[in-house]
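A.B. asks: So the sequence lines, in the order shown, correspond to chains A and B.
First residue of the first sequence: 132, per the numbering used here; consecutive thereafter.
First residue of the second sequence: 132, per the numbering used here; consecutive thereafter.
Accuracy of the hints is not assured; some may be wrong.
If several chains are the same, the list does not tell them apart, and a pair holds so long as it fits within one copy or across any two.
DSS-like mimics (lysine-lysine), calculated; alpha carbons at most 25 Å apart, straight line [claimed, not checked]:
{"#": "1", "residue 1": "LYS460", "residue 2": "LYS212"}
{"#": "2", "residue 1": "LYS246", "residue 2": "LYS291"}
{"#": "3", "residue 1": "LYS430", "residue 2": "LYS493"}
{"#": "4", "residue 1": "LYS246", "residue 2": "LYS460"}
{"#": "5", "residue 1": "LYS460", "residue 2": "LYS172"}
{"#": "6", "residue 1": "LYS305", "residue 2": "LYS377"}
{"#": "7", "residue 1": "LYS246", "residue 2": "LYS486"}
{"#": "8", "residue 1": "LYS428", "residue 2": "LYS493"}
{"#": "9", "residue 1": "LYS460", "residue 2": "LYS428"}
{"#": "10", "residue 1": "LYS218", "residue 2": "LYS377"}
{"#": "11", "residue 1": "LYS375", "residue 2": "LYS172"}
{"#": "12", "residue 1": "LYS246", "residue 2": "LYS430"}
{"#": "13", "residue 1": "LYS237", "residue 2": "LYS305"}
{"#": "14", "residue 1": "LYS133", "residue 2": "LYS305"}
{"#": "15", "residue 1": "LYS212", "residue 2": "LYS428"}
{"#": "16", "residue 1": "LYS291", "residue 2": "LYS493"}
{"#": "17", "residue 1": "LYS212", "residue 2": "LYS430"}
{"#": "18", "residue 1": "LYS133", "residue 2": "LYS212"}
{"#": "19", "residue 1": "LYS493", "residue 2": "LYS460"}
{"#": "20", "residue 1": "LYS218", "residue 2": "LYS428"}
{"#": "21", "residue 1": "LYS218", "residue 2": "LYS246"}
{"#": "22", "residue 1": "LYS430", "residue 2": "LYS305"}
{"#": "23", "residue 1": "LYS502", "residue 2": "LYS218"}
{"#": "24", "residue 1": "LYS497", "residue 2": "LYS428"}
{"#": "25", "residue 1": "LYS291", "residue 2": "LYS428"}
Hints listed in this document are in silico derivations from the structure and should not be mistaken for laboratory results.
Small disclaimer: the values here were computed from a predicted structure and weren't measured.
2 protein chains.
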Amino acid sequence: MKFDLLTTASGSNARAGVIHTDHGPIETPVFMPVGTAGTVKAVHQRELLDDVGARIILGNTYHLYLRPGTDLLREAGGLHKFNGWPKPILTDSGGYQVYSLAANRKVREEGVTFKSHIDGSTHVFTPESVMDLQRAIGADFIMAFDECTPYPCEYDYARKSLDITHRWLERCVKRFRETEDLYGYRQELLPIVQGSVFADLRRQSAEFCAGQDLFANAIGGLSVGEPHEQMYEMTGVVCDILPKEKPRYLMGVGTPENILECIDLGVDMFDCVMPTRNARNGMLFTSEGIINIRNEKWKNDLNPIDAGLGGYVSTFYSKAYLRHLVVSKEILGAQIASIHNLTFYLWLVNTAREKIMDGTFKLWKKEMTEKVTRRL
Amino acid sequence: MKFDLLTTASGSNARAGVIHTDHGPIETPVFMPVGTAGTVKAVHQRELLDDVGARIILGNTYHLYLRPGTDLLREAGGLHKFNGWPKPILTDSGGYQVYSLAANRKVREEGVTFKSHIDGSTHVFTPESVMDLQRAIGADFIMAFDECTPYPCEYDYARKSLDITHRWLERCVKRFRETEDLYGYRQELLPIVQGSVFADLRRQSAEFCAGQDLFANAIGGLSVGEPHEQMYEMTGVVCDILPKEKPRYLMGVGTPENILECIDLGVDMFDCVMPTRNARNGMLFTSEGIINIRNEKWKNDLNPIDAGLGGYVSTFYSKAYLRHLVVSKEILGAQIASIHNLTFYLWLVNTAREKIMDGTFKLWKKEMTEKVTRRL
């Protein structure tokens, strides 16, 4: 793989680049739709390609390991073959889900023991097993196994957690380097910077991660409940240290506003369940602001969902029709809203990229932040 | 509107024809996907057109009247404009839903009083109001307001019910003829033959309905629990009386086997929730037989859902992937299974049409009935 950094915006750390993978190029900044169990919920693969314009999607190791399991994924020739998604895939390490979903979790130096949220069965994740699982899933981008600290978090806990995350990272790197790409295309490992909201821990972690000299670097443990200003501060601290010539991925972030702000700080890759999860609850992100489509005010609005956005779903269906579907709990409502929100998120990062390239990012970001934060 | 009867199969009453409507031609025999609340559940409008190849869909007057309501549909310019479906729409009369869904139902000569299953509010349907509602929805095909008898049903109840259905039909015809097409395209009223499983009542009703000289004729009150043989017998009795030069619509039928059998008896139009409802439960109709995709035996089957069928969904996704989605309760599972089953139903009627035209219907029907009834 190769990362071409094309431009850095004037008066900003915002960057435009291209990651070249064996599954095609990824223009950055990029938003990656979350496909937890091998499916971006309520969206067909061809819709991701043709309507959303997704360039890369996520899978969750925890979910895929439990169901359908890596035996079947290996038999299929990897997740791309299994679900028919032809472009790059990034998998998380399962760490976050083990902490947020699984029961009876026990963290030891060796790894984490937990019970499945599906059937209560007991499992162990270690840095080594998680590398093997992601190799087997066939992720183009493999994430290191880390401990994601909650918020708030005592300094002492964060420091000890960071130490174990770093020791696990070394074991991940070792295992990753001892093993081979399973399906003939290049797989890359990314370390995850942790350290909660403590600048000195974040700096220490950024230096430790950068020192592994992996293909790209990730920032984890943010957008877990801390004030946005703290998230921006930590992201800034870390981006100052992470090497400019490598892609930077801020995990699990966030609102359109968060994404604009963190692009400004030098982040290249984002993922978040917000556009799809909120879609299923009737919350729409549009180029003019936020809409709760369940509100009575949209009942008779026969205008397109977002004419400014283009694309089949956002211009073909009206707000009134979508509201009717959502209020009636029709599956098509979730489908339309999910495609729309993802189309908006990709439009946002694509437009940011254009503005970075043409030198007007800062001005556009200011105007756009006002729009995307207002409630219509 | 105009119906061209092109061929009648040799040794059978099966027919191939074309109904010409202001929303385009409908080649018959045809299956009409059910779009209860203005949406065929889990299927985008363009998927109905491009993947399923649907030529006409249904809407339910009862559901659309309660939500979103005919005021909004009139404001939109009719259901076609509201949901973006460009081809013909048929609406049922609401009668069946009033009997099966609504509470506190009271049938009087004037009409039916009932409580909404959504909010418990009280409403009245009369033959006249139901004509007005379907005009406002903008259906190309409007159904008469009838009483659909349950099964089993005493002869005496069936006879009395039939009398009221016939009196209501005369009121429907009167109101329909007194009112105009609302949106500039032709709307046609269809009478519904009732009479439960009693051949003499069915004959009487078929003659009464045929005597109204409307554009087409429908057969209701079947596939409500009676043995298949009785359904076929009644359909045969009625088809012998209904005029050959007009389309015949058998309401709410049925399994692939039922459809083949009733095409053979001379029916031209079918609708049923089975392909979409069963899809959401993981039951697939394929050109080789019936599949319960939840079964363990499909877990590792990486072959297409139905390679014999063609089309994106049925060939792009594997049985193993679809099983994973259905078992994981992923929305995409319902989407794929729904499109697949509808694609199969349309394939079935399209192939029947070809075989009627080329003179091999009877032979093909025998082979196909064996296939579609076996469980894989």
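A.B. asks: Compare the structure with each hint and give your call.
C.D. replies: Each hint, compared with the structure:
1. LYS460 x LYS212: between (32 Å within a copy, 21 Å between copies)
2. LYS246 x LYS291: Answer is within: at 24 Å inside a copy they meet the 25 Å cutoff, but 63 Å across does not.
3. LYS430 x LYS493: Cα proximity of LYS430 and LYS493: none, with 37 Å in one copy and 51 Å across.
4. LYS246 x LYS460: Between copies, since 20 Å is at most 25 Å while 33 Å is not.
5. LYS460 x LYS172: both (16 Å within a copy, 10 Å between copies)
6. LYS305 x LYS377: Only inside one copy: LYS305 and LYS377 sit 20 Å apart there, 76 Å across copies, limit 25 Å.
7. LYS246 x LYS486: neither (47 Å within a copy, 57 Å between copies)
8. LYS428 x LYS493: neither (34 Å within a copy, 57 Å between copies)
9. LYS460 x LYS428: Intra 18 Å, inter 33 Å, cutoff 25 Å: intra-copy only.
10. LYS218 x LYS377: Only inside one copy: LYS218 and LYS377 sit 20 Å apart there, 52 Å across copies, limit 25 Å.
11. LYS375 x LYS172: Neither. Shortest intra-copy (34 Å) and inter-copy (48 Å) distances fail the 25 Å Cα cut-off.
12. LYS246 x LYS430: Between copies only: 23 Å across, 45 Å inside.
13. LYS237 x LYS305: For LYS237 and LYS305, the Cα distance is within 25 Å only inside one copy (24 Å; across copies 76 Å).
14. LYS133 x LYS305: Within one copy only: 21 Å inside a chain, 75 Å across chains, cut-off 25 Å.
15. LYS212 x LYS428: This pair counts as between: shortest inter-copy Cα distance 20 Å, intra-copy 44 Å.
16. LYS291 x LYS493: neither (39 Å within a copy, 77 Å between copies)
17. LYS212 x LYS430: For LYS212 and LYS430, only the inter-copy Cα distance (15 Å) is at most 25 Å; the intra-copy one is 42 Å.
18. LYS133 x LYS212: For LYS133 and LYS212, the Cα distance is within 25 Å only inside one copy (24 Å; across copies 49 Å).
19. LYS493 x LYS460: Neither way: LYS493 and LYS460 sit 41 Å apart in one copy and 43 Å across, limit 25 Å.
20. LYS218 x LYS428: neither (40 Å within a copy, 30 Å between copies)
21. LYS218 x LYS246: neither (32 Å within a copy, 52 Å between copies)
22. LYS430 x LYS305: This pair counts as neither: shortest intra-copy Cα distance 58 Å, inter-copy 34 Å.
23. LYS502 x LYS218: Result: close neither inside a copy nor across copies, 31 Å intra and 38 Å inter.
24. LYS497 x LYS428: neither (28 Å within a copy, 56 Å between copies)
25. LYS291 x LYS428: neither (51 Å within a copy, 47 Å between copies)
In terms of the numbered hints stated before, the structure departs from hints 3, 7, 8, 11, 16, 19, 20, 21, 22, 23, 24, 25, listed from lowest to highest.
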